[in-house]
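4 protein chains.
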Amino acid sequence: MGKLRFLTAGESHGQALVSIIEGIPSNLEITSDYINHHLARRQVGYGRGGRMKIEKDKVEILSGVRFGKTIGSPITLMIKNKDWENWTDIMSPEGEPTDKREITNPRPGHADLWGGIKYGFQDLRNVLERASARETASRVAVGSVCRKLLEDVGIKIGSYVVSIGGLSLADKIQDIPLEERFERAEQSELRTPIPEEDYRFKEIIDKAKEEGESLGGVFEVFATGVPIGLGSYVQWDRRLDGKIAQAFMGIQAIKGVEIGEGFSVADKLGSQAHDEIFWEEGKGYYHKTNRAGGIEGGMTTGEPIIVRAAMKPIPTLMRKKSLHSVNIRTKQPFDAAKERSDITAVPAAAVVGEAMLSIVLADALLEKFGNDNWEEIKERVEEYRRYTKQF
Amino acid sequence: MGKLRFLTAGESHGQALVSIIEGIPSNLEITSDYINHHLARRQVGYGRGGRMKIEKDKVEILSGVRFGKTIGSPITLMIKNKDWENWTDIMSPEGEPTDKREITNPRPGHADLWGGIKYGFQDLRNVLERASARETASRVAVGSVCRKLLEDVGIKIGSYVVSIGGLSLADKIQDIPLEERFERAEQSELRTPIPEEDYRFKEIIDKAKEEGESLGGVFEVFATGVPIGLGSYVQWDRRLDGKIAQAFMGIQAIKGVEIGEGFSVADKLGSQAHDEIFWEEGKGYYHKTNRAGGIEGGMTTGEPIIVRAAMKPIPTLMRKKSLHSVNIRTKQPFDAAKERSDITAVPAAAVVGEAMLSIVLADALLEKFGNDNWEEIKERVEEYRRYTKQF
Amino acid sequence: MGKLRFLTAGESHGQALVSIIEGIPSNLEITSDYINHHLARRQVGYGRGGRMKIEKDKVEILSGVRFGKTIGSPITLMIKNKDWENWTDIMSPEGEPTDKREITNPRPGHADLWGGIKYGFQDLRNVLERASARETASRVAVGSVCRKLLEDVGIKIGSYVVSIGGLSLADKIQDIPLEERFERAEQSELRTPIPEEDYRFKEIIDKAKEEGESLGGVFEVFATGVPIGLGSYVQWDRRLDGKIAQAFMGIQAIKGVEIGEGFSVADKLGSQAHDEIFWEEGKGYYHKTNRAGGIEGGMTTGEPIIVRAAMKPIPTLMRKKSLHSVNIRTKQPFDAAKERSDITAVPAAAVVGEAMLSIVLADALLEKFGNDNWEEIKERVEEYRRYTKQF
Amino acid sequence: MGKLRFLTAGESHGQALVSIIEGIPSNLEITSDYINHHLARRQVGYGRGGRMKIEKDKVEILSGVRFGKTIGSPITLMIKNKDWENWTDIMSPEGEPTDKREITNPRPGHADLWGGIKYGFQDLRNVLERASARETASRVAVGSVCRKLLEDVGIKIGSYVVSIGGLSLADKIQDIPLEERFERAEQSELRTPIPEEDYRFKEIIDKAKEEGESLGGVFEVFATGVPIGLGSYVQWDRRLDGKIAQAFMGIQAIKGVEIGEGFSVADKLGSQAHDEIFWEEGKGYYHKTNRAGGIEGGMTTGEPIIVRAAMKPIPTLMRKKSLHSVNIRTKQPFDAAKERSDITAVPAAAVVGEAMLSIVLADALLEKFGNDNWEEIKERVEEYRRYTKQF
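Residue numbers (the numbering used here), protein chains in the order written: chain H, 1 to 391; chain V, 1 to 391; chain E, 1 to 391; chain U, 1 to 391.
Note that these hints are calculated values from the structure, not bench results. Just so it is clear, the structure is predicted and the values come from calculations on it, not from any experiment. Do not take every clue at face value.
Calculated cross-link-like contacts (lysine to aspartate or glutamate; reagent style EDC-like; alpha-carbon spacing at most 16 Å) [claimed, not checked]:
1) Lys69(U) - Glu94(V)
2) Lys321(E) - Glu276(U)
3) Lys331(E) - Glu211(U)
4) Lys331(U) - Glu211(E)
5) Lys268(U) - Glu211(E)
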């Protein structure tokens, strides 16, 4: 990250999730409603367990915004845990330790054990409370501020689910324009770009639930309207594709990231792997294809940025299925299965992906155009767009 | 990056590639021979053009090392351009500009055009000289220092090519142990783990050459002997998988990165997607599978780290094939094809991947154990390994 | 900063001051009582205006601590504004702008005007709400966590006021040991090391108040028990004295920083400007003087670190005195004087200085010894102390 | 630092000093002559030992500049050690260790001992070769590039010596305009703003030499033409005064830093400590005084930035004088005095101060205006200057 800094904090069942963002310019219009809208989008999704209903996330803006406009100061976003009163005994910052709900059974596929060893805990709850994907609510909150900024200069972010549990829509969506895929996904409980086929996904989710299984999947996030030349090739850590890859791979449960054609381009011949360059008076340079997914040489090309990510199935399995593991005190095996769990979180992860792309792009934009006064910066962006068309 | 900082510098046909590494502890043994060995490994590869023969890279250590040991001070690594005398007119830092070999034809699939717009150049040579994959020699030099450090505490890095131009060995290598794949790849001109089949790769490379094409491919990089608990889940940008993803996606021409089973795990059922946890007296915790590729919750699990990356075909095509593009001055189309070019750089990219993994892991190791005196740090690593076995 | 990151947020009359600290190891004992104690110390001070009475700062720990111990996760510290209900109309993050209490008169000696120009504000309240020294409460909260960590390994932080309004105790304290100066200052309403003379300070403060004036002064902050070798000479930005200087000069209203003898050493002969080195079995190396203030070559020498800072008088003056300035809309002069104001904030600034030194030293300590598990780190510190004695 | 990154490397008697600067925009005109001019200015100075004559520093630009213009890529600056051939046996990066000129006598006032302990060296040469003030040549080289950039937008940097060995010109220069002080200092062998009085400084230097002593002193560095609003109050580490303080205190041998009136303002009454604000059509806001030294609230005010620094006497003393210290192997005292040494380095330090101020200001400028294309950035600076005048 260059100009923006942000830190998220908070445990899954703690008092609140809190984030501070530093480096957002002054005079950007932003409201809690706008942020809440995106927080709600993260919570939609067929096949999610009970907690989603308890917590309809609402953000409170504690600093950095006055009468709906940023003032250049650090922005604090707090999402209170609505169920906190039921967790005070277990998660209190002060007082005597209680062993109530202490966790000594590390779950396979989770951070539990490695975090316990790294940080020296006998109660693994200390790990899982923070390692939990609940933290992604913070990222969506932070990402929403960045998204609003991008929208102001015509950059739109969207996402949709491509596959769940091996059932893929990849072939069927080729001819649907990106933004339409997004609009459709907004209508789908599963964020798929073909809501009419949602029933097929529900079937496999229901089946997985019945069998005590969980499912992963693949989603795509895109950005349109991005100016040419964000990111840079001059140093390895300034490449925008690298920053995007970190931002996505760093989302809980993500195991693969692609940009543009990704792995499939590795099998192609050179003549079919690249995007030819065209030029038109008044429009400037453009492509007729977008195999590169909007990034070449670590920089944006002006074409839509397209990122694809693979999410592993949720590691918490329900009764009937169980994975072998051992208690950290007794070293005896235990049954890791739970009464209930989400079956899949791919639709939610897609919304988190939108947030992370928003953050990376806002940072790159502010790096190129300055980050003091949004009124000033918007003019610079416009001036630069004129220049790129005339280059 | 946490404790380590490094900057690479230098143009492809400039006087030299220079890197400075800051944060390597004192008392680490390192020689230019060691670094040169890895620089040479990057230059091996069937199907590479003429330049590789001109430049047998040799590093000079200009600072930070005395009598074969680091002294805690920044390390400067310089790789001189042996062909510099033929380029002084074109690349001189001083003197009057010459239009000799000025470049106004932006190549599809390259940084040329976007870099020219971003930085305001009429001569695109200013872009391609730095955006060139030649820069990866610097990364290998820097990575070699990190690799030496890792070796000292029993962490081994290796790589091999999985596929080129769609011809894949993925299925055939499943039963070959990781380190053996690497040993075999070291014997192969194409870094494949089954050198006996190299002839098949050579065939498709020869065919591509004949047709004026280029080829991409997939490679894997791994690390064994990694202690548990490098990286962290506590903040998004401290997750080790995210850092690895940035490091790999930031290699020139890489379009996809996977850790462990990557995209394929997205299609699996939860019960088949995770690694069960076992424990044995004296050995500590371990797995019988390694689907996660050695990282869970953004931390190392003690299992081998496995990273897979997809490289697009080299965008420079040879005569016969051509991609449409327009001259930035005349806006007229031109023929972008060249007389000669590398056909594929996948084997070289695998070695660059080793370097990047070495850098990320050395940084994570020093973050956890301190970075002053390597003698002291090695003891801390050993102490921690004892602790993890007894947890 | 190396291992620690922290962001403070919040406006002076906003809902709350919030800070997030990232990088504090697990298993450090910390309570809100401990932090509140130091927050209260910041609020002591003769000659302070009314607000200090309204706001008896109390911290709430919202994350990162469980049952009195850190868990390695980011720590959120919130100090609510107890007067917030009276400020909602003026400082609300949402809703329609109100021009109530809008500020268009920039005060000399404040950030008002430059912040307004930089960020493009017509209401300078947007600046002063954040630029206010109220923000230092956050620093003290963050610094308290760091201070607790330092105390655990025998590093003690203290401060005392040397002069106010030109009345100096510098000559009189030469023979009082550092820690005693601190103990005495803790008994003084003005943090002076000779409380018996406080009446003289009160006299000049009362006189200043009468005349509508304000006063500045000089304070010293020290740390004892610091291990040898924190900081480094290997790169300009790793020098500990530089980091300390930034941390102090970055406190509101500070205009000068000295380490050890500071400016006065510039006038001395070389033979009287340095600390001779001695050695004793079992004790290791030591000095009989500490002219260097505990830092040489950007590293700690094991002697007490001594930092001195100069604070300018509070720029807000009371009726009777006024400084010329112009309204940003009308460009007409106005009377910048207020009904009431603090006369001096030097004692408070000394406590803020303690916080900043604590933060810089904790960061340097964690950089040298790792920052995962405090139990583990403490052992490393002890081991290193043994080593330094035997060197 | 925000947008700029740089690393310096190299040992005092090593092969070369090498620096890499990352983040300098493209299209900035820069030549080695320009840099060499400032390197030479660092080497001027009455009372300096023999080495200055051996090494007339000359920079080679190895990357990032083409035909006298930056290309946005990292800039490598190399200053070869002209005496390297005489040091190869002692400083070779490779080969067998030799104990020739091994150093086991730590000098008081130097980094020798603390560095040796920190990094675990038995030969303290490993420390002093890097801790040496010779490294400041790198900073001047890097600073020159930044200075050129600042000059292009009308920001001028200068310095002069205020006192040496207690002999001060402070009172006599009050009425000499800043830029004239600089012009005069450029004519003085000792960088004093009253060259006619240089003979008095020479007298005390000669006397010190005779007595085997060394001298410290005070210098001032300034910048004129700085736009309003560089730096920020929104976060502690974005305050420009803090960054300047780090940059100056991090220069070898500096023990105190002041901005504007510095420590003396602490003794003043509020009504005499601040700069009143005036406004004039077409000119905008201005002051008639500059007590603040050009920075308020961590931001530039448009007035000249004035920084004052105190340098301790060079710790290496000549025969006749000696400081007590003990050999690290035998623990026996030794005579630390040398045959010859510089008497004072204050004039050189002033030039290093110019470099550090240039670096900090260039970084702040690029942070506010972007750092891609200097042509574009210059227009933004001009546009902003227009805006500030009309605010």
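**Request:** Could you tell me which of the hints above the structure violates, numbers in ascending order?
**Result:** 3, 4
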